[in-house]
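Read top to bottom, the protein sequences are chains A and B. Letter by letter, the first sequence follows residues 1 to 927 of my numbering. Letter by letter, the second sequence follows residues 928 to 1045 of my numbering.
Bear in mind the hints are in silico, worked out from the structure with no lab data behind them. All the given hints hold, so there is nothing to weed out.
Covered stretches of chain A (chain B as the covering partner; in silico rule of three or more C-beta atoms under 8 Å from a C-beta of chain B):
id, region
1, 6-16
2, 19-25
3, 93-107
4, 144-157
5, 328-341
Because the structure is a prediction, the values reported are computed rather than measured. Note that beta-carbon positions come from the ideal geometry of N, C-alpha and C, so glycine has one too.
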Amino acid sequence: MARRARRERIRKAFDAFHAAMGAVLGAVERHRDAAARAHAEVMAELWLRETGIDAARVDPQLAGVLTNPALAGAVERVAHDRDTAFASWCAGEASGPARLVDLVAGAAPRSAGAADGWLGVGTAGIDAQAPELWRIGTGEVGGGCEGFPVAVPLLDRSHLEITGPPETRATAEAMVESLLMRVVGYFRPGLVQLHVWDVGQFTGSLPGLYPLTSTGVLTVHDPGNLDGLLTDLSDRIRRVHTRVLVGGLPSLAEHARETGTRTEPWIVAVLLGNRKALADDDQRQLQRVLRGGPACGISVVLVDVPLMIAAPVETVRLAEVSVRPPAARVVATTSMTGPHVTVLPDPPLSRAELTAASHDIVAEHERLRTRVGTFHDLLPPDHKWGTDRSRSGLIAPVGFAEGIPVELTLGDASPHALVGGPSGSGKTNLLLAMIASMAARYSPDELEFYLLDFKEGVSFAQFAPGRRDPTWLPHARLIGVNINTDREFGLALLRHLADEMRHRAEVAKSHEVTKLEEIRLADPEGRWPRIVAVIDEFQFLFAERDAVTRESIRLLEDVARRGRSQGIHLVLASQDVSGIEAFWGRPAIFEQFVLRIGLPRARRIMADVNDATLTLPRWHALINHESGIAHGNEIARIPDATGRDSVEMVQRELYAHFAATAGELGPPRLFDGSRAPRTDVLIAGLRPFAQPPRAVLGQCIDVGLSPAAVPLPRSPGRNIGVIGTSLDEAVATLGTAVMSLGAQHHHRDDVRFFLAPLAIEADPAVADLERELSGHKVCTVRLHQFRTCIEKLTEEIGGRLAGDARTPTYLVVYAADTADSVLERAGTEALRKVLRSGPEVGIHTIGWWRSPQRLRSLLTSGASPDDLGCVVGLDVQGAELGTIIPGLPPTWSPRPGRALMFDRARHSRPEVIMLADPDAPPNEGAP
Amino acid sequence: MSDAVRRYKDIVGELTDIAGRLREHDGEQAVALKRRLVELDNAMVRAEDRAAMSRLALELRWEAVLEALWAESWLTLRPRPAPAPDADPEQLDALDRELDLAADGVLAAIRRRLPFLR
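Model the full assembly from the supplied sequences, consistent with the hints where possible.
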């Protein structure tokens, strides 16, 4: 028992000692730990204070500190100080977040900035201004501060660069997907073009957007062909600068603000990289695109593409951070929000809703694409009619692609245009659309039209006043229709243009400038419109191998080369340009025709390898401002400009709008090859009582539509011979000559007329003429009286030479060769004397011979060909006339309603004139 | 830069001013913390020294007790105890004294025999 008690005591004592040992060991450890913890906490707080808690939150090495429960106190103290500091920004009605919410609401409407419910099909049109900002997420400052929307500029303003470690790539792509859907979902489908290039894959990037590829809203590019994408973007930049931004405007956005309309869609190009630098060439080209892109509507989104960007760009840097309870999330810092704001990217769109929205967009795009732009869509808004300035060129839409207007530009870079297409392909319709579209935008002081139509038909005649519509297009100064057999008119137009060009060059020189733009600045009060000469079926002008063709080519080359700087533009349309023999061997003649327009099935109008016209659908045109090189192709659907209420309506509106100018300038001169000019109109163009009096034989084929008048002074040789077999033409010619002379002699005693119808067929015309000359002394001489009349005139000549009065006397002989039968030798000699000596004493003969040989034989012995100062050949071959007219081109062949006139005193070469018709009905449109 | 972008950045830029002031404040705090750190470094050294002392004394006592119990073969000895998790480090001095007393108690229990066995 005692032993047991001892053992029990020992055991208890040992237990007590054991427990005391445990207590000491525990206390020692905890004592050390307490010191270490206090040290660590202060250390952690020091790190956080020195680094800044915002930076610490995105530093992966400090993640452990922020989430360590043992250091929570330190983190809380630092965070509290920070939150207190930022609280002032976060508080009140004018808090930072509140102001940012308002700002983003205003600058990022609808799908651009809405937090939710925005995904869908856009409705904004091309003329809408692009939102200034596009939402990407929510910003947090911490400390209970409200979040605010974070948005970046993009369209027309900036690029976007997104970078981050590999674990954040999925977030980057989701951000890009949402951003693109916001952009595409803001505007009407088709107005924003998306391009995606992924260095690592052809398909699989941004898969939710894939349905957009079916109608071309999205284009996916081969990873091996970044160069192709960058080249396309560079071409677009160049095209915009040379064609749209010609007035010195710095950007498409500015241009849209100035003109109220935008003609180029937006482009967003996404480049998905792998953190490795691009090839040097690609980098250089990309830099150029980045620099020039925003001004031309191109924005680039770069994901993990390392590049120093010397262009407007906003950056998003993603990072993965730990949060309590231990989990990771991806946050960002952005150049918009700075280092003190943590940006939470918006949650990604679900694949299902993304795909559904993409399909909706594609369906709407398809619907819009098939909607046809109308003629009225080409016209500017009412308040903009006639307000554009042509100082730097002429720009006007003629058709539509994807609902966007496609424009033609005539200016420094593309001074002249060639339009090609077979018959029925829509050439005339396109020309009418162009004329109406330009006329609606530029006033007559800014733009003038000269319109020639070589084909049969009267498409341009509608621009002149007519019976049905007394209005005219104020911009039209000259219109020529039905001139396929009057190539001289085309030549006359080219001469006129060359003269105008010379005149402008002289004015420029006098102001010490060189171009039209500069003339306008130097002479702001002057009227210096750009001139557009449109010649339809111009190949007719060069159809023959003759002097007309030779001179026309020379003038065409001259105007084509030098017209650019003087604001003179040619628009030449043809069924087949390459078939014009005159141009073979002169390929340079069309170098200046940079603008090429091809209608369906047109051949050889574009560059050789560019055969896009062969597959053009109906109603479309291929418009190319790059001399026909394929990359300049634009396909446009041309609306119908021939329907009622299209061009006619525009003309009426413009006539009313510019009534004052139209009144000042007067209607355009209309040359209609199918209508004979009216005698009374030609005579009205003469100055009354002019000395010497002039006999009008017809109308010159010139721009002035001037009368072909022969002066008849008292000089040897001043007689007129008309040669030909056509009674009507001869009678009309003589009648016009006589009436014009009658109109210039006012008093009855001033003049005498002897009318000798030696063929019975001429009797009715002579009778009419007598009636017309009722205020004058007229004596009709029949065949049996003719010899006596001639002999009396011979005596009179003798008297006048001795000093008798020299009353102007006109002997008008119809079918003079008939006189052979009654004149005999003595009479013939007398007639020769009348011809030789009559004019110098005021007795002039105007005769019609049916046989050139008979006339030739008359002009011998006492007379010579010189006694017939002016010869008019009607329906005689050139070879026959050659005996009377020296230097006559052998290629002259009779043309109905036309005659070859040669006045020795004034002409070096015979001229073709139009014969007048005293009985012609009033021309539609003739002034 | 567009007007909206400029205004956005201006508003957010106000945070930079705030951040600047916060940096100044943190800087001042950092100076104080560095001083405190020096004190804590010293405290850690002292704590380590104190711990070493207690451990030494404990080792000596443990050796002595084990030696004294060696002859008590009937007793199953226990290994060294684990540190008690609830020991109050503030009571280290008292716990050291208790350990001394407990060791003495073991030794006394061993020395005390039955009256008739002396």
